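Dock chain B with the ligands against chain A, hints included.
Taken in order, these protein sequences are the chains called A and B.
Numbering follows my numbering, with no gaps: position 161 of the first sequence is 167.
Numbering follows my numbering, with no gaps: position 256 of the second sequence is 262.
These aren't lab readings, by the way, just hints derived from the structure by calculation.
Keep in mind that a hint or two might mislead.
In this list, chains with the same sequence are indistinguishable; a pair is considered to hold if it fits within one copy or across any two.
[Stated by the list, open to error] Here are the simulated PhoX-like pairs of lysine-lysine, each with C-alpha atoms no more than 20 Å apart in a straight line: (1) Lys222 / Lys300; (2) Lys73 / Lys52; (3) Lys337 / Lys122; (4) Lys22 / Lys34; (5) Lys122 / Lys133.
Just so you know, these numbers come straight off a predicted model, no measurement behind them.
Number of protein chains: 2
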Amino acid sequence: MENIEEQVAKVIEEAKEVEDSVSVHISKTISDEQTLRQRVLTLHSKIHSLRSSLYSLLPNNTTLVEKLDEDLERARCIVVDGDAATLLPAHAQGNFLRMFIGPINVRASRKDVQLKVKEEYNSYRDKTALLFLLFPALLLILRSWVWDGCLPAFPVQIYLAWLLFLYTGLALRENILRVNGSDIRPWWIYHHYCAMVMALVSLTCGIKGQPDCATKQRGVELFLQWAMMQGVAMLLQNRYQRQRLYTRIALGKAKRMDVVWGETAGVDGQLWLLCPMLFILQGFEAYVGILLLKTAFVGVVSEWQVIFCGVLLVLMAVGNFTNTVQTLMVKSRF
Amino acid sequence: MENIEEQVAKVIEEAKEVEDSVSVHISKTISDEQTLRQRVLTLHSKIHSLRSSLYSLLPNNTTLVEKLDEDLERARCIVVDGDAATLLPAHAQGNFLRMFIGPINVRASRKDVQLKVKEEYNSYRDKTALLFLLFPALLLILRSWVWDGCLPAFPVQIYLAWLLFLYTGLALRENILRVNGSDIRPWWIYHHYCAMVMALVSLTCGIKGQPDCATKQRGVELFLQWAMMQGVAMLLQNRYQRQRLYTRIALGKAKRMDVVWGETAGVDGQLWLLCPMLFILQGFEAYVGILLLKTAFVGVVSEWQVIFCGVLLVLMAVGNFTNTVQTLMVKSRF
Ligand SMILES: CC(C)(COP(=O)(O)OP(=O)(O)OC[C@H]1O[C@@H](n2cnc3c(N)ncnc32)[C@H](O)[C@@H]1OP(=O)(O)O)[C@@H](O)C(=O)NCCC(=O)NCCS
Ligand SMILES: CC(C)(COP(=O)(O)OP(=O)(O)OC[C@H]1O[C@@H](n2cnc3c(N)ncnc32)[C@H](O)[C@@H]1OP(=O)(O)O)[C@@H](O)C(=O)NCCC(=O)NCCS
Chain A
7 MENIEEQVAK VIEEAKEVED SVSVHISKTI SDEQTLRQRV LTLHSKIHSL RSSLYSLLPN
67 NTTLVEKLDE DLERARCIVV DGDAATLLPA HAQGNFLRMF IGPINVRASR KDVQLKVKEE
127 YNSYRDKTAL LFLLFPALLL ILRSWVWDGC LPAFPVQIYL AWLLFLYTGL ALRENILRVN
187 GSDIRPWWIY HHYCAMVMAL VSLTCGIKGQ PDCATKQRGV ELFLQWAMMQ GVAMLLQNRY
247 QRQRLYTRIA LGKAKRMDVV WGETAGVDGQ LWLLCPMLFI LQGFEAYVGI LLLKTAFVGV
307 VSEWQVIFCG VLLVLMAVGN FTNTVQTLMV KSRF
Chain B
7 MENIEEQVAK VIEEAKEVED SVSVHISKTI SDEQTLRQRV LTLHSKIHSL RSSLYSLLPN
67 NTTLVEKLDE DLERARCIVV DGDAATLLPA HAQGNFLRMF IGPINVRASR KDVQLKVKEE
127 YNSYRDKTAL LFLLFPALLL ILRSWVWDGC LPAFPVQIYL AWLLFLYTGL ALRENILRVN
187 GSDIRPWWIY HHYCAMVMAL VSLTCGIKGQ PDCATKQRGV ELFLQWAMMQ GVAMLLQNRY
247 QRQRLYTRIA LGKAKRMDVV WGETAGVDGQ LWLLCPMLFI LQGFEAYVGI LLLKTAFVGV
307 VSEWQVIFCG VLLVLMAVGN FTNTVQTLMV KSRF
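So here's chain A without its partners, still in its complex pose (with noise of 0.2 Å):
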């Protein structure tokens, strides 16, 4: 008897300890990464004051001021592509990711765990690019082989309530990449809200049938089409930046680890044959939303979802087409 008494009392006192030991721990951790991160911070600054006052110093040295410029560059990638990057501030979290899961901190504390969020979400869009591609074209195959000509409503809208779900998570996922040090341009964010709007306007909009099917289902008909063509093009665009990342993450690595890297052309190569495509996809999305506006104001259909979704499909394009001409012309400045 006497012996359990003492066994709890000493599970009391031992809880206590523990409890102790956590609390501690985590303080230190917090103080020991707040010194570091000063740290991070201040060799940062420095790293760019120097890199940026290098031509002013010594203006008649062209080849040391590039070696040196090169030395810069390869201490700002052991900060930037190592562990010390989570210490470096990111984007803060926007209102997107608070609406939707509060004010919880999805950033994280590791550089790898950083890369291995970036190379998931890469295969998500893997993944969903593949059924980007074969939904509509099942779809399409179904209309002419099956509904003679005219689609039913209800897969319809299992698919745009797919899109929807989709956009959604993209949005979400990208947010996130942001939080944890991603440079992505908050255009293909602002596209992607543009794109949930689009899915959930479109579910309201009841799916015509006959008689006449074929003229008022023509915009749903173009939208499937120009669905297919997306998932050709996100497919080449997922297999550029997939290779993008593990060239970055292969320089990273050799940076820190003062190994020479040679080809790093090659990936920015592919880029110019993605290009072209991407172009040809923003046309058609800004005919299929002009062609939308069309149909509304010649009266075939007079629902407001129609003029909506044609100008937002309009709107999309004009802002895709900026921001990729913008993006190589950042690249090619290099």
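Only chain B with the ligands this time, still in chain A's reference frame:
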């Protein structure tokens, strides 16, 4: 010139050092955490086994057993409500979270952050509950005063889209709470999945207008009335659950600090006031469902969406009822 070259060389050295320090810091944190986790787990299971063997070890000494049981409960509280709790195994991140936000870790590493997430969830629900009350009320008022007894489609669709967004957010947040150690019953989360599906399906269902608007919109009207009732119930439920959280935080603190805690039954008393309200609400939920089914089978409207929503409402009512009863039964056993 020497000087700059030296500076650059120093910066590279520094970058390597900082990167090393950060990596070391991260691995050390992880291994320390592993050791602490082991201690917490061992202690946790020791408390559990001691507690369950108390009666068999001291069969004749009820007073002592009760005292020791209380002591062990205190030890358990220290572990479960303190920072040590963040090292206990939690529910795995489910598929729903994974589908939307990918494999990013959403578990907070400090207990006070976990509690803050819960508080934020409560205040989010509070804001939501008000809108839950006001939005349908506004629709019903405008319907009889402005719209001549016939709801136009657009505002109802906005309302449904808002519901869809809301339920998605709630479901995501509740999944995150579960990962952070909440004991929320899975049904309350499934309930929100059902509500998401219902909102989505209702969106695809065109809102019918004249002629014979009153009959066709009877289902929508009932749904809005039920939504208003739900708003009231949510407000009460929130009040109760917020107080419960504060009691728990205070209780946890008190137990950790060896303070004697008197009133804990005050909150549980509220439950007996809340539950009749909930039962009425659940009854009305089932009633709306059955009425929808009736309108569908009598043939006033014949869309599959009406039957689907009717069945779903009945299932949700039954699930809510059984889970509320089960919760009450578990509570009354203590
Ligand atoms: C033009 C394009 C190929 C350039 O890609 P890129 O070379 O990776 O561009 P950047 O160097 O500016 O990329 C910066 C970051 O944004 C990411 N990113 C770029 N475009 C993205 C996009 N469309 N979606 C998601 N992420 C994107 C990159 O992965 C990179 O991330 P990181 O910092 O984590 O490594 C790409 O933006 C693209 O495919 N855009 C066209 C999309 C389109 O118009 N689709 C048709 C309609 S759906
Ligand atoms: C019956 C009820 C009041 C019991 O609440 P409770 O006393 O907190 O129940 P429990 O003790 O089982 O709670 C365990 C955990 O689940 C949470 N929880 C319980 N019911 C919840 C609900 N409906 N939604 C979200 N979280 C809930 C609690 O906050 C608690 O979280 P914690 O572990 O982080 O502290 C509550 O479940 C309830 O309101 N249910 C009815 C809902 C309903 O039918 N609504 C009408 C239709 S919408």
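Here is what the structure says about each hint:
{"no.": "1", "hint": "Lys222 / Lys300", "result": "within (12 Å within a copy, 33 Å between copies)"}
{"no.": "2", "hint": "Lys73 / Lys52", "result": "within (18 Å within a copy, 63 Å between copies)"}
{"no.": "3", "hint": "Lys337 / Lys122", "result": "neither (25 Å within a copy, 43 Å between copies)"}
{"no.": "4", "hint": "Lys22 / Lys34", "result": "within (18 Å within a copy, 23 Å between copies)"}
{"no.": "5", "hint": "Lys122 / Lys133", "result": "within (17 Å within a copy, 36 Å between copies)"}
When held up to the earlier numbered hints, the structure conflicts with hint 3 and nothing else.
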